[in-house]
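If you want the building blocks of each chain, they are given just below.
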Amino acid sequence: MNRFLLPLSIFVVVVGFLGIGLTLNPREIPSPLVGKAAPEFSQPQLYDQEKVFSPADLKGKVWLLNFWASWCSGCKTEHPVLMDLAQSGQVTIYGMDYKDQREEALTWLQRGGNPYSVVGVDEVGRVGINFGVYGVPETYVIDKQGVIRYKQIGPLYPDTVEKKILPLVKQLESE
Amino acid sequence: MIPEIGHFALILALCVALVQGILPIYGAAVGNSGLMAVAKPAARTQFLLVLTAFGCLAYAFADKDFSVLYVAATSNSQLPLHYRLAAIWGAHEGSLLLWTFILTLWMFAVTLFSGHLPETTRSRILGVMGLVSVGFLLFMLTVSNPFERLIPAAAEGRDLNPLLQDPGMVIHPPMLYMGYVGFSVAFAFAIAALLGGNLDAAWARWSRPWTTVAWCFLTVGIALGSGWAYYELGWGGWWFWDPVENASFMPWLAGTALVHSLAVTDKRGGFKVWTVLLAIMAFSLSLLGTFLVRSGVLTSVHAFATDPKRGLFILVFLAIVIGGSLALYAWRAPKVGLGGSFAMLSREGMLLANNVLLVAAMGSVLLGTLYPLFLDALDLGKISVGPPYFDSVFVPLMVPAIFLMGIGPLAQWKKASVPDLAKRLKWAFGVSLVSALTLPIVMGNWTPLLSLGLLLAIWIVTTSAIGLRERLAHVNGNSLVERLASVPRSYWGMLVAHCGIAVFIVGVTMVKGFETEKDVRMNVGETASIGDYTFRFDGTQDVVGPNYTAARGTFHVSRDGRETTVLYPEKRRYPVQNQIMTEAAIDPGLLRDLYVSLGEPIDDGAWSVRLYHKPFIDWIWGGCFIMALGGALAISDRRYRLAWRRQEPVVPVPTRTARRKVA
Chain Z
1 MNRFLLPLSI FVVVVGFLGI GLTLNPREIP SPLVGKAAPE FSQPQLYDQE
51 KVFSPADLKG KVWLLNFWAS WCSGCKTEHP VLMDLAQSGQ VTIYGMDYKD
101 QREEALTWLQ RGGNPYSVVG VDEVGRVGIN FGVYGVPETY VIDKQGVIRY
151 KQIGPLYPDT VEKKILPLVK QLESE
Chain U
1 MIPEIGHFAL ILALCVALVQ GILPIYGAAV GNSGLMAVAK PAARTQFLLV
51 LTAFGCLAYA FADKDFSVLY VAATSNSQLP LHYRLAAIWG AHEGSLLLWT
101 FILTLWMFAV TLFSGHLPET TRSRILGVMG LVSVGFLLFM LTVSNPFERL
151 IPAAAEGRDL NPLLQDPGMV IHPPMLYMGY VGFSVAFAFA IAALLGGNLD
201 AAWARWSRPW TTVAWCFLTV GIALGSGWAY YELGWGGWWF WDPVENASFM
251 PWLAGTALVH SLAVTDKRGG FKVWTVLLAI MAFSLSLLGT FLVRSGVLTS
301 VHAFATDPKR GLFILVFLAI VIGGSLALYA WRAPKVGLGG SFAMLSREGM
351 LLANNVLLVA AMGSVLLGTL YPLFLDALDL GKISVGPPYF DSVFVPLMVP
401 AIFLMGIGPL AQWKKASVPD LAKRLKWAFG VSLVSALTLP IVMGNWTPLL
451 SLGLLLAIWI VTTSAIGLRE RLAHVNGNSL VERLASVPRS YWGMLVAHCG
501 IAVFIVGVTM VKGFETEKDV RMNVGETASI GDYTFRFDGT QDVVGPNYTA
551 ARGTFHVSRD GRETTVLYPE KRRYPVQNQI MTEAAIDPGL LRDLYVSLGE
601 PIDDGAWSVR LYHKPFIDWI WGGCFIMALG GALAISDRRY RLAWRRQEPV
651 VPVPTRTARR KVA
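If you read the sequences in order, they're chains Z and U.
Residue numbering for the first sequence follows my numbering, beginning at 1 and increasing consecutively.
Residue numbering for the second sequence follows my numbering, beginning at 1 and increasing consecutively.
Worth flagging that the hints you see were computed from the coordinates, not collected in a lab.
Where hints are given, some of them may not hold.
Stated by the list, open to error - Computed list of lysine-lysine pairs in DSBU-like fashion (alpha-carbon distance at most 30 Å, straight line):
(1) Z:K36 x U:K382
(2) Z:K163 x U:K382
(3) U:K309 x U:K382
(4) U:K382 x Z:K164
(5) Z:K164 x Z:K61
(6) U:K309 x Z:K151
(7) Z:K151 x Z:K36
(8) Z:K61 x Z:K151
(9) U:K64 x U:K309
(10) Z:K36 x Z:K163
(11) Z:K163 x Z:K144
(12) Z:K170 x Z:K36
(13) Z:K36 x Z:K59
(14) U:K382 x Z:K144
(15) Z:K99 x Z:K76
(16) Z:K36 x Z:K144
(17) Z:K164 x Z:K99
(18) U:K335 x U:K414
(19) U:K382 x Z:K170
(20) Z:K51 x Z:K76
(21) Z:K170 x Z:K61
(22) Z:K36 x Z:K61
(23) Z:K151 x U:K382
(24) U:K309 x Z:K163
(25) Z:K36 x Z:K51
(26) Z:K51 x Z:K144
(27) U:K309 x Z:K164
Values in this document were obtained by computation on a predicted structure and should not be read as measured data.
Pulled out of the complex, with its shape left as it was, chain Z reads as follows:
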């Protein structure tokens, strides 16, 4: 090959990559836990503190785990979406009340409605650390084998539910 063409060829390759780069979002952070088994935990439940909430009981089910808190404003945006999803009955949602006051959490659920079939309490945030929670709200889709298949950072929007969560849940149900 003509060596004078070399700079041009390198440049063409770089431009190709830059073009692809424009379609990507460098700020999107992947979770290393996707594809791995969800961390085990056993936490007291919000309503009945005598009982524990543990994912071991959920083997064989596809379920969502939603980290939330009464102090979190993103959770307020997300709440109606969760309510709709819960009412549609397409998937069961479990909640994890993250670094929160019990009284305030209860008031919040009383006011906005409770989309969760069970709510666990993670008062010190230990479960959050094991799941790699950056900030609430975060939602995990967990399959029948207890493997995390998807992680949503930030609030769920109707759009994300329609396009990502529900198709994935359907697929996982049929596996």
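Model the placement of chain U on the given structure of chain Z, informed by the hints.
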């Protein structure tokens, strides 16, 4: 009304740029001097139009015209005037206007100082610059118009990012852009030469001063940015290998290589093809830097508001300008032929090796900067590349480059001999080695890197001294002063710039080797020691600035019981953007900086505090300014002054003109 005038001026400027980009180049191709003559007035008109637009935007800022979207987004009525004016380049749209303005400023300068150029060359140069300007004007007018109205007008502006409300930020971008855009002149010279097919020594001689000036600005611009990061970000670092810093550093490396390779083309007629490629590369990297900053393809602390539409525009523009010039290069360069032959061990050989090392360093910075993007695009995962990578590839490439920097200026052109060089350099080498090994021991901390750094710095200074002594032996003059004065300024320029590198290396080495820092919790009245210095915290006071409120701490610093200085670091809150800013307090000094920054308030008036003792850190920026001073000396050399004062052709000219001069 005024913003509309600015907008209209930009539209007119685009029309003029189109004319300037097409007619003169076509005229030069067909030999029509009427068309070629369009270049000069068109460039000047374009400059005036963009200046008008720039002035209109400045007026809108000064007048607090919040009906202009850009003004409302980047300033505030509480913001002092000088920062309102600096806010012109505080965000995306205005930065582009500054870019274009500086491009036309360089064009204007070319029209002033190109009297000695042949008409065809000048019209091609201005034509190429006009085409570059078309791209930027089109960009502004289509997707990033700084004069866009906001109707109804905002009652109050959203304010300038508090990080940018700083004197360093007022001058850093214009300096940097002068450098970036300045390489467009060397680029235009190279393209003009490729178009005309006359890559000769004269072309290199004309390009040299322009390239050097741009290089000086870029050097100062980068130094200012680094200094700003040091005192404004509050954690004492001065270089972070952030993608945007790299974006300014790559053109600098390519530009440094270009400055040296131009010298060979000028003096010996060699390296022509390589020099042209470097000229294209330096400007291409400036454009690439603009793309990286504006498009948001990489995460960076400099993240301006990003918009994929803008990214796409710049990418297409980039592909046309760089792709086009590299294609032209591939087409024309094979016909240029090689310059005179030379032995590998000669001044040319060493400059070539130096060039290769600089370009390799540039390539590895480019690779490290784009690597996360490559992996992401190939879906191989997300990573980030940080200082460990850059440090470990950069240092091994620079060490031989700096070693050669000492020998190169002493080697003969064409062919040098090893025994001769060894004889002339043995003292320099001995002195450097011994002092590099012993100095760290005297200072009480011997590490291999510390010794290496000092070795390189002393090597540069001692070899420069030998070079100067030999030079003095060969010039005429009775007294030493007379002989010093008859050494050409371009030679002084080289010595000074090289010594600037030495100063820079001392700074980096000493900071890395001896800096100390402490993170402490301090109650009112408590003391903490770092190095020989004792800091007493006397509590904080609330102060009110023009557009912020602050807690200002008072620290009495003493050494051996005697007070050295009082430092007042601040924690500022800017209410408009609700941002908290750390204003470090620094006591600068030739041999050390003392640096205090406030962390967080704890309770009862106690604060978490960061204390730094940074030996020789100011040498880092001092070195950069000395380098730039060297560049300035080089272009003030007698032959350029004469060439510009006479404004007469220094190249073979049509006999008609020459005869008229005689008459």
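Status of the hints after comparison with the structure:
Between K36 (chain Z) and K382 (chain U) the alpha-carbon distance is near 18 Å, which keeps this suggested pair within the 30 Å criterion. For the hint pairing K163 (chain Z) with K382 (chain U), the CA-to-CA distance comes to about 24 Å; that is within 30 Å, so the pair holds. Taking the CA atoms of K309 (chain U) and K382 (chain U), the gap is about 24 Å. The hint holds against a cut of 30 Å. Taking the CA atoms of K382 (chain U) and K164 (chain Z), the gap is about 21 Å. The hint holds against a cut of 30 Å.
A hinted pair counts as satisfied when its Cα atoms are at most 30 Å apart, and K164 (chain Z) with K61 (chain Z) qualifies at roughly 18 Å. A C-alpha spacing of about 29 Å is found between K309 (chain U) and K151 (chain Z), which places the hinted pair at or below 30 Å, so the restraint holds. A C-alpha spacing of about 12 Å is found between K151 (chain Z) and K36 (chain Z), which places the hinted pair at or below 30 Å, so the restraint holds. For a cut-off of 30 Å, the pair hint linking K61 (chain Z) to K151 (chain Z) stands: about 17 Å separates their Cα positions.
Note on K64 (chain U) and K309 (chain U): the hinted pairing holds, with a Cα-Cα distance of about 29 Å set against a maximum of 30 Å. Of the pairs offered as hints, the one joining K36 (chain Z) and K163 (chain Z) holds, with about 23 Å between alpha carbons and a cut-off of 30 Å not exceeded. A distance of roughly 21 Å separates the Cα atoms of K163 (chain Z) and K144 (chain Z); the hinted pair therefore holds under the 30 Å criterion. With a C-alpha separation of about 20 Å, the suggested pair K170 (chain Z) and K36 (chain Z) falls inside the 30 Å cut-off, and the hint holds.
Of the supplied pair hints, the one linking K36 (chain Z) and K59 (chain Z) holds, its CA atoms being roughly 15 Å apart against a limit of 30 Å. Taking the CA atoms of K382 (chain U) and K144 (chain Z), the gap is about 28 Å. The hint holds against a cut of 30 Å. The straight-line distance between the Cα atoms of K99 (chain Z) and K76 (chain Z) is roughly 16 Å, inside the 30 Å bound, and the hint therefore holds. Between K36 (chain Z) and K144 (chain Z) the alpha-carbon distance is near 13 Å, which keeps this suggested pair within the 30 Å criterion.
Proximity of K164 (chain Z) to K99 (chain Z) is assessed by CA-CA distance (about 28 Å); at most 30 Å being required, the pair is judged to hold. Simply put, K335 (chain U) and K414 (chain U) have alpha-carbon atoms about 23 Å apart, close enough for the 30 Å limit, and the pair holds. The suggested pairing of K382 (chain U) with K170 (chain Z) holds, with an alpha-carbon distance near 28 Å, which does not exceed 30 Å. Among the hinted pairs, K51 (chain Z) with K76 (chain Z) is consistent with the structure: their alpha-carbon atoms are about 27 Å apart, no more than 30 Å.
Distance hint between K170 (chain Z) and K61 (chain Z) is fulfilled; the C-alpha atoms sit about 12 Å from each other, no more than 30 Å. The hinted pair formed by K36 (chain Z) and K61 (chain Z) meets the criterion: a straight-line CA distance of about 16 Å does not exceed 30 Å. Using a Cα cut-off of 30 Å, the hinted pair K151 (chain Z) and K382 (chain U) holds, with the two alpha carbons roughly 16 Å apart. The hinted pair formed by K309 (chain U) and K163 (chain Z) meets the criterion: a straight-line CA distance of about 25 Å does not exceed 30 Å.
Taking the CA atoms of K36 (chain Z) and K51 (chain Z), the gap is near 27 Å; set against the 30 Å cutoff, the hint holds. Distance hint between K51 (chain Z) and K144 (chain Z) is fulfilled; the C-alpha atoms sit about 23 Å from each other, no more than 30 Å. With a CA separation close to 26 Å, the supplied pair K309 (chain U) and K164 (chain Z) stays within the 30 Å bound.
This entry satisfies every hint, going by the numbered hints stated previously.
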